[in-house]
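A.B. asks: Chain by chain, the residues run as shown.
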Amino acid sequence: MVDEKLLYNTKSVCPICLKPIAAARVSRGKEIFLKKTCSDHGTFETIIWRGHYDINKWINIDEPELPEGLQCPTGCGLCADHLNSTCCVVLNITDRCNLDCNFCFADPENGANDPSFDEIKKSLYNLVSKGKSLVQLSGGEPTVRKDLVEIVRTAKQAGAKYVQLNTNGVLLGEDKKLVKDLAEAGLSFVFLQFDGTEDAIYEKLRNKPLLSVKQKAIENCAEFNIGVTLVATLVRDVNVSNIGQIINYALERIPHVRGVHFQPVSFFGRIPRMPSNNDRITIDELIYEIESQSKNIIKAENLLPSSCYHPLCSFHGDFVIHNGSVVPLQNFHKLEKEPNPTVNPADRNREFIGRRWERPASIKTDAFKPIVLKSASPQNTPKPCCGNIHDMDYFLKIAKSQSFTITSMLFQDAGNIDFSRLRKCSLHVYDNEKFIPFCSYYLSGWEQ
Amino acid sequence: MADTEKLICSKCNKELELKRTNFSYLGHSFFTDLPKCPQCGMVYLSEEFVKGRMSEVEMQLEDK
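For the protein sequence lines, the chains are A and P, in the order given.
Note that numbering that gives the first Met the number 0 has the first sequence beginning at 0, numbered continuously upward.
Note that numbering that gives the first Met the number 0 has the second sequence beginning at 0, numbered continuously upward.
Okay, chain P solo, but in the shape it has when bound:
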């Protein structure tokens, strides 16, 4: 997704806004800014994010 592209919540028809989002994995918690619907709170996880930073964090925390 290009930075300038707008994302619209399919349920509320509202434009997503970058908001702090919390994650937890194996007892650790993290936050980062992600596109979020201001009305229903749904968060959009791009493929780039899931395969990139999120996957990297998982790898760092997983036991060998």
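Pulled out of the complex, with its shape left as it was, chain A reads as follows:
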């Protein structure tokens, strides 16, 4: 019997009735669990760390006791106890979708009433901070709206600095004119659902083969200079073993593809069944898999927790491609000890995203030229084809045109929601004139 050790007292909800209850992060050996007991529905334990790395080094933030009277999650709408401002705003513009997936956080009801264009316009003008906001148009599947181009144009007119489209990419692959019109309307980048490099993965998760249409969507976006980030929902026994291939697929398509964003599956919205701990892919497991499956091209030490989220919610890695190598720009062990206190973490994060995911206008839209990759080594002797990465001018050129990001977001569900994490959320859904943390907005109970 392994001893259980209390690490942190927090709060969560009962996954059945969603009542707020006390919870604790506890360790047993290397593994860490969120443990909680509902007086009506019993005790629940959700694994949050498998022990590949030291969680104390990873979290490494001052995590105070939760204040009395915390109103999470029902009182969400950014209260005085919330710790971060808005980095990115999600605006749902439809409940309709052209796919029928086994997993869907939104669980849209096809045929439900969409908001009118005027309602969306009003929301955009209310939510946007001029010259600053990053608006994510989401759904449902936002491309099913016939007025999507006009919505993108309106978001820019309202003053959004970046407009992101969260999409399955089916219509972007099928309709090149739509992509052209979106680019002209000012779309900044596409967050493309991309679960793997094999059709069998899409057949399991999305109920149809989709690889060729995803490929076409990437090509169409490349032609009109819209940056694409591949977004993989990771599900145990479906595509966790495909992580390395997804990274390679993206690297071969730089600069058209700007990065990969991994989302270990969360159990809210439409899910096949109540999850077991084996179904969970923890943040340290994901980092371990990225390093081992990429054959050390992406190293764990170059993936860092994000400052505008809780470290258990998100991480990122920032790289440039030089002379066939993936060169990391940051190292976990060489982090700035004291980030600039005058810069708001949400503002800083937003600019990072914008800088990396948007394609500079100067990039030529050449056909794909796969690059042959090798392990990262900034000390490589430059070949005649390339500049010297230590040359300031050359570095600035490739940092803009040849950048690549690995990012991840681990959404919380009724099993693992932790109010200490929720308080630091800076991804907010705008609804009914409120900014609501993503994971409290989509929180849904399970059937026992």
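Rather than coming from a laboratory, the hints here were simulated on the basis of the structure.
Given the structure is predicted, the values throughout are model-derived calculations rather than measurements.
Wrong hints could be hidden among the right ones.
Stated by the list, open to error - Computed list of lysine to aspartate or glutamate pairs in EDC-like fashion (alpha-carbon distance at most 16 Å, straight line):
(1) K399/A with E16/P
(2) K333/A with E57/P
(3) K160/A with E288/A
(4) K207/A with E197/A
(5) K35/P with E4/P
(6) K50/P with D392/A
(7) K399/A with E350/A
(8) K131/A with D346/A
(9) K18/P with D390/A
(10) K396/A with E4/P
(11) K176/A with E197/A
(12) K10/A with E44/A
(13) K35/P with E14/P
(14) K203/A with D236/A
(15) K333/A with E61/P
(16) K160/A with E183/A
(17) K396/A with E55/P
(18) K120/A with E149/A
(19) K215/A with D174/A
(20) K399/A with E55/P
(21) K5/P with E16/P
(22) K29/A with D2/A
(23) K175/A with E218/A
(24) K131/A with E350/A
(25) K215/A with E173/A
(26) K179/A with E202/A
(27) K399/A with E61/P
Once you've looked at the hints, dock chain P against the given chain A.
C.D. replies: Then chain P, alone, in the frame of chain A:
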């Protein structure tokens, strides 16, 4: 500063010459040509350079 303008080292009274200058920031090292005194080695950093390329490099390297 106009390209044709001469810069004189106030200490050595020598004209600065464009020389390779090394920088390091957050574990990365870079070089670029900057005006440098051939005698004492003092480097002149113009406001344009500091607010421009140097600031851009810092921004690219800083964590989000």
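A.B. asks: Sort out whether E57/P lies within 16 Å of K333/A, counting only the CA atoms.
C.D. replies: Since the Cα atoms of K333/A and E57/P sit roughly 15 Å apart, the hinted pair holds (cutoff 16 Å).
A.B. asks: Is it true that the CA of K179/A sits at most 16 Å from the CA of E202/A?
C.D. replies: violated, 29 Å
A.B. asks: Would the pair K203/A and D236/A pass a check requiring their Cα atoms to be no farther apart than 16 Å?
C.D. replies: Since the Cα atoms of K203/A and D236/A sit roughly 10 Å apart, the hinted pair holds (cutoff 16 Å).
A.B. asks: Between the alpha carbons of K396/A and E4/P, is the straight-line distance 16 Å or under?
C.D. replies: violated, 28 Å
A.B. asks: Given the proposed pairing of K160/A with E288/A, does the C-alpha separation stay at or below 16 Å?
C.D. replies: violated, 34 Å
A.B. asks: With the threshold set at 16 Å, check whether the alpha-carbon distance from K5/P to E16/P stays at or below it.
C.D. replies: holds, 9 Å
A.B. asks: Take the C-alpha atoms of K175/A and E218/A, compute the straight-line distance between them, and say whether it is at most 16 Å.
C.D. replies: The given pair, whose Cα atoms are some 9 Å apart, holds under the 16 Å limit.
A.B. asks: Decide if the proposed pair is consistent with the structure: K215/A and E173/A, CA atoms, cutoff 16 Å inclusive.
C.D. replies: With a Cα-Cα distance of about 7 Å, the restraint between K215/A and E173/A holds, given a limit of 16 Å.
A.B. asks: Take a quick look at whether K396/A and E55/P sit within 16 Å of each other, Cα to Cα.
C.D. replies: Given that 16 Å is the threshold and the Cα spacing comes to 11 Å, the pair holds.
A.B. asks: Given the hinted pair K120/A and E149/A, is their Cα-Cα distance within 16 Å?
C.D. replies: Between K120/A and E149/A the Cα gap is close to 10 Å, so the pair holds against 16 Å.
A.B. asks: Between K399/A and E16/P, does the CA-CA distance stay at or below 16 Å?
C.D. replies: violated, 30 Å
A.B. asks: Please verify whether K215/A and D174/A have alpha carbons no more than 16 Å apart.
C.D. replies: It holds: about 10 Å lies between the C-alpha atoms, which stays within 16 Å.
This entry does not satisfy hints 1, 3, 10, 11, 26, going by the numbered hints stated previously.
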